[in-house]
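The listed protein sequences correspond, in order, to chains A and B.
Quick note on the working numbering: the first sequence kicks off at 5 and runs consecutively.
Quick note on the working numbering: the second sequence kicks off at 114 and runs consecutively.
The set of hints was computed from the structure by calculation and includes no laboratory data.
Quantities reported herein were computed from a predicted structural model and do not represent experimental measurements.
Hints may be right or wrong, so weigh each one.
In silico EDC-like pairs for lysine to aspartate or glutamate, Cα to Cα no more than 20 Å straight-line [to be verified]:
{"no.": "1", "chain 1": "A", "residue 1": "Lys312", "chain 2": "B", "residue 2": "Glu184"}
{"no.": "2", "chain 1": "A", "residue 1": "Lys312", "chain 2": "B", "residue 2": "Glu179"}
{"no.": "3", "chain 1": "A", "residue 1": "Lys312", "chain 2": "B", "residue 2": "Glu181"}
{"no.": "4", "chain 1": "B", "residue 1": "Lys192", "chain 2": "A", "residue 2": "Asp306"}
{"no.": "5", "chain 1": "A", "residue 1": "Lys94", "chain 2": "B", "residue 2": "Asp195"}
{"no.": "6", "chain 1": "B", "residue 1": "Lys192", "chain 2": "A", "residue 2": "Asp186"}
{"no.": "7", "chain 1": "B", "residue 1": "Lys192", "chain 2": "A", "residue 2": "Glu189"}
{"no.": "8", "chain 1": "A", "residue 1": "Lys312", "chain 2": "B", "residue 2": "Asp180"}
{"no.": "9", "chain 1": "A", "residue 1": "Lys94", "chain 2": "A", "residue 2": "Glu148"}
{"no.": "10", "chain 1": "A", "residue 1": "Lys314", "chain 2": "B", "residue 2": "Glu184"}
{"no.": "11", "chain 1": "A", "residue 1": "Lys314", "chain 2": "B", "residue 2": "Glu181"}
{"no.": "12", "chain 1": "B", "residue 1": "Lys192", "chain 2": "A", "residue 2": "Glu148"}
{"no.": "13", "chain 1": "A", "residue 1": "Lys351", "chain 2": "A", "residue 2": "Glu272"}
{"no.": "14", "chain 1": "A", "residue 1": "Lys314", "chain 2": "A", "residue 2": "Asp285"}
{"no.": "15", "chain 1": "A", "residue 1": "Lys314", "chain 2": "B", "residue 2": "Asp180"}
{"no.": "16", "chain 1": "B", "residue 1": "Lys192", "chain 2": "A", "residue 2": "Asp311"}
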Amino acid sequence: MQSMSGAELVIRLLERQGVECIAGIPGGANLPLYDALSKSPAIRHVLARHEQGAGFIAQGMARSTGRPAVFFATSGPGATNTLTALADAKLDSVPVICITGQVSRPLIGTDAFQEVDIYGMSIPVTKHNFLVRSVEDLPRVITEAFRIAASGRPGPVLVDIPKDVQTATIVLSTLPEPAGPDPVEPPDAESLTRAARMIDEAERPILLLGGGVAASGASRAAFRLAERAGLPTAMSLLGLGAMPEDHPLHLGMLGMHGARCVNMLMEECDLLLVAGARLDDRATGQVERFCPKAKLIHMDIDQSELDKLKQAHLGIMADAGTVLTALAGLVALSERREWLARVAECKAAHPLLLPGSDDPRAPYGLVRRTGEILGPEAIVTTDVGQHQMRAAQAYPGLRPRRWLTSGGLGTMGFGLPAAIGAALANPDRPVVCFTGDGSLLMNIQELATAAETGVNVKIILANNNGLGLVQQQQDLFYGRRIFGSGYRLRVDFPRVAEGFGVHAVDLGTSRDPLADLERALLREGPCLVNVPVAAEENVYPMVPPGAANIEMIGGEAHAHAHA
Amino acid sequence: MRMLMPEDGTRPARALTALRLTVNNHPGVMSHICGLFARRAFNVEGILCTPLGGGAISRIWLLVQEDERLEQMIRQVRKLQDVLEVLPYAADEGAFTGLDACVEGWERGRTLLA
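Bound-form chain A, shown alone (with noise of 0.2 Å):
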């Protein structure tokens, strides 16, 4: 028989579930889960300077492993500050467990300070939360919040702590198995002998992979069944690296930036097939018009994303590593010619213009070089805009957990505290976070965290001195109305940054950019890159928001008619 508090016993199952980092804040109503996570020999805290950064932080780590994370905040203001980084995981699938504080069960209901119902707030930003009424109830909370989190589809789940329930004495004879993910069940038989024919039968298949593949493992069975099948294979934002760029079946990123023979493919494919992604309209375009010849066959571990968006002739709820393996041993080896030979037509016609690719001080440039410095085996996070789509469209060899960015919310902010948390959970790769003065000023507060823990972040700060994305629509939809999304005042960014105790290099004012860009990448240790670059370079191709992929603008081989 075992005597300890709540909290104690939290910190024990948190231990006994392999969770070895927790960022958070503590506060009023969560101290006694702090006191008890100050005797654990096995987890550090990382004291971040805001919830959310928290929050963004424990998905750098998850994203990066794969394994659910854990933050903690305390009630009220800790708690709301929480939601934002919830929603994002809810969105891109990411497994993080945030524990929150709560007032003591007496005073919930009476508008107590720093009360907030952060389980009534939570609901729609969860897969699934709870309120501890009762410290008899915390073994099976907790372990379910790591088999719900972690389970089919991963997402994100909130345990909100009652402070007497943390307190309470509770007496066990012995603790609960450490919980992981359910079992996946096999996709039925009979739907993969029909999507096998239906691949076997058509002669102009595109394969699609999502952040499912990514989140599955599965991209080497999607390759294999790509080469198998002479599929010609593109990605989400969040499916990128899933195919490496140099395979000669490898597309590129489709939708509202993607490379531009991608989208035609699309529009003369007569099959698609579709693993771990929900066709999001970023993705699709408008979906009524998205692959207007193809028969769909739709692969994904969450029932509810089948026929959600666009009616599948064939749609089976399955993992996509499970699936793509069963497929590539059903289908007939094919060698695809006159498709393949259409594809690679097209390819070399409408490739993807990354102009400036060699000059360290243009958008594109900044992030080849900063790839080619770094490496094959450095992490990637981005914050969200223009640089983030230039990333994606430019970065070099990117992979499947080495690739985090928020695809779903478009959370600005994201960028530099999932850096921290990447590092933190893989402190033998170099991790680069791409932002711009936008976001970056979304959660600076953070670079205070990069600083103290000596994380080896890189911040490459494309710097427009506004919202570049947001000038881009005003640009080309608004009647060049560029209103309310440029800073009349500029930032010294590598002054703030050494303020914070980061290193910071100025690629503006640098005599060799290059090299002054390889020095600061190859440092031990967190540092900014501030580089100036013009408002006015619109990121191309670009589908206009509301408009079918085919009728992307800009981008075009033979002319910069927008650029």
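Position chain B against the provided structure of chain A, taking the given hints into account.
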């Protein structure tokens, strides 16, 4: 919680489906389910909720209009961790109209408490 048919007794334009849910019985379940319908702008015409057996689980009947989004709604409801089973039935508003008669005794025989 109860939302009823139009008071003039007009039938809704579309056919009705009753969803029979078996759920874990705790204070947050109703808000998970109602929130799901609300944020997807899917109207619920009637709700009945009663505890089953020892009270560890509950039965919830949701009366909804048939709609091309209904299958998607059912799949979303099935994803909720506290929902153990969802069964759709063709339905009418009968049970809910009858309900008025059932609660009439409460309204007539007891004092209004507040």
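Cross-check of the supplied hints:
1. Lys312(A) with Glu184(B): holds (9 Å)
2. Lys312(A) with Glu179(B): Holds, at about 16 Å.
3. Lys312(A) with Glu181(B): Within the cut-off at roughly 11 Å; holds.
4. Lys192(B) with Asp306(A): Roughly 9 Å separates the two Cα atoms, so the pair holds.
5. Lys94(A) with Asp195(B): holds (18 Å)
6. Lys192(B) with Asp186(A): holds (14 Å)
7. Lys192(B) with Glu189(A): Distance of about 16 Å is within 20 Å: holds.
8. Lys312(A) with Asp180(B): holds (14 Å)
9. Lys94(A) with Glu148(A): Holds. Lys94(A) to Glu148(A) sits at ~17 Å (cutoff 20 Å).
10. Lys314(A) with Glu184(B): Status holds; Cα separation ~13 Å.
11. Lys314(A) with Glu181(B): holds (13 Å)
12. Lys192(B) with Glu148(A): Holds - the C-alpha atoms of Glu148(A) and Lys192(B) are around 15 Å apart, at most 20 Å.
13. Lys351(A) with Glu272(A): Holds. Lys351(A) to Glu272(A) sits at ~13 Å (cutoff 20 Å).
14. Lys314(A) with Asp285(A): holds (11 Å)
15. Lys314(A) with Asp180(B): Holds: Lys314(A) and Asp180(B) sit about 16 Å apart, inside 20 Å.
16. Lys192(B) with Asp311(A): Measuring from Cα to Cα gives roughly 15 Å; hence the hint holds.
Violated hints: none; the structure is consistent with every hint.
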